[in-house]
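Chains as they are written, first to last, in my numbering: chain V, 1 to 204; chain Z, 1001 to 1204.
Bear in mind the hints are in silico, worked out from the structure with no lab data behind them.
Be careful, since some hints might not be right.
[Claimed, not checked] Below are the BS3-like pairs computed for lysine-lysine, each with C-alpha atoms no more than 30 Å apart in a straight line:
(1) V:LYS87 with Z:LYS1042
(2) Z:LYS1087 with V:LYS87
(3) Z:LYS1042 with V:LYS42
[Claimed, not checked] Which chain V residues face chain Z? A few, computed with CB under 8 Å, are given here:
(4) LEU3
(5) GLU15
(6) ARG37
(7) PRO39
(8) TYR74
(9) ILE123
(10) GLY148
(11) GLY164
(12) TRP190
(13) VAL201
(14) LEU202
For every residue, glycine included, the Cβ atom is placed at its ideal position computed from N, Cα and C.
Protein chains: 2
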Amino acid sequence: MSLGDDKASCAHLREACVESQQVFRGHFLDVRRDQVRLPDGKLASREYIVHPGAVAIVALLDDGQFVLERQFRYPLGRAVIEFPAGKLGRGEDPWHCAVRELHEETGYRAREWAYAGILHNAIAYCDEGIEIWFARGLSLGERHLDEGEFLDVFTATPQALMDGVRDGQVTDAKTLIALLWWQQWQAGAWPLTWQPEPMGVLSA
Amino acid sequence: MSLGDDKASCAHLREACVESQQVFRGHFLDVRRDQVRLPDGKLASREYIVHPGAVAIVALLDDGQFVLERQFRYPLGRAVIEFPAGKLGRGEDPWHCAVRELHEETGYRAREWAYAGILHNAIAYCDEGIEIWFARGLSLGERHLDEGEFLDVFTATPQALMDGVRDGQVTDAKTLIALLWWQQWQAGAWPLTWQPEPMGVLSA
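Kindly produce the complete structure, drawing on both the sequences and the hints.
Put into structure tokens, the structure is as follows:
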């Protein structure tokens, strides 16, 4: 059974841009308000954030544990447990971004990488997509945090992380979705295609 | 093995608010920029959205299928497959919001409900939390969409939805995380506590 063809079946749902305006441009947030024409011909406004996209990395140690981070997330007012992740630079390839962010934030580089999938985390008000990448064959070097970046790196078993989700201690969306991918991959249902770490992203 | 005590272990990561400013207030988005003091004493700015929170509903038909929606999501420029969901009204109880949104958007009401967990979908720039609720014992009435709201309701098997995730057709974060909960519940790993639909949320 299929979910249907979105492209063919969404014409009666489509909202068309009439006019677009940037209403706030900060150091980080780019906020737009568009006038749109609804399927019934009426006008409405849509406010949303333009985001460059991001990556999250499921880094697997040889003993099966995950590499994780604990980072203070200001909007939530607390430290959050999450997989390593980062925002794409301008024009940056997502895989290269994953290699770079894992190394900068945790010090690890990987022998092999595999793309899992993309998720859209705030479809009502942001165009952000987060690609999930797996990494294995890890070797530890030195990390290089950005100025003003503070985070702890630690490791945990998949079971400990899953228990943390069940108990409400782990609530970060990309981390939970990465666990869904990990679980389906482990079960053999969603195979991954592994490729060697790309050359030239990190200096040797 | 545990993930550690976040409250005790995050003091060296904490960012403290120095000053807070509303930089944009739209019909939908409330954008703030705060000056914060970093753990090393330096100042930085944090831009983020204040959001009332939301719910997503895994509505289970008696034959095991899910109730799903296809809705045009303007920031992505396409129709998205997702579980029914909605934003909390001011002071609204999340469970009541789930009952209301399921009924308004799909026409279904449920005999029993169970809370699964909360997810935080955009921890870098939004305080939004989305509670996931399960509903079963469904009966179909009439739906009541908001003015200017257009969406299709359809049903699919869990397998079809999971295949859609694997193939990249289903990418909405709350939907993927609800699937993780559904799967763990089905496997007996994360039990749910079912309660009768609360009285008085819907008129009879």
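Looking back at the numbered hints, which does the structure fail to meet, lowest number first? Violated: hints 3, 6, 13 and 14.
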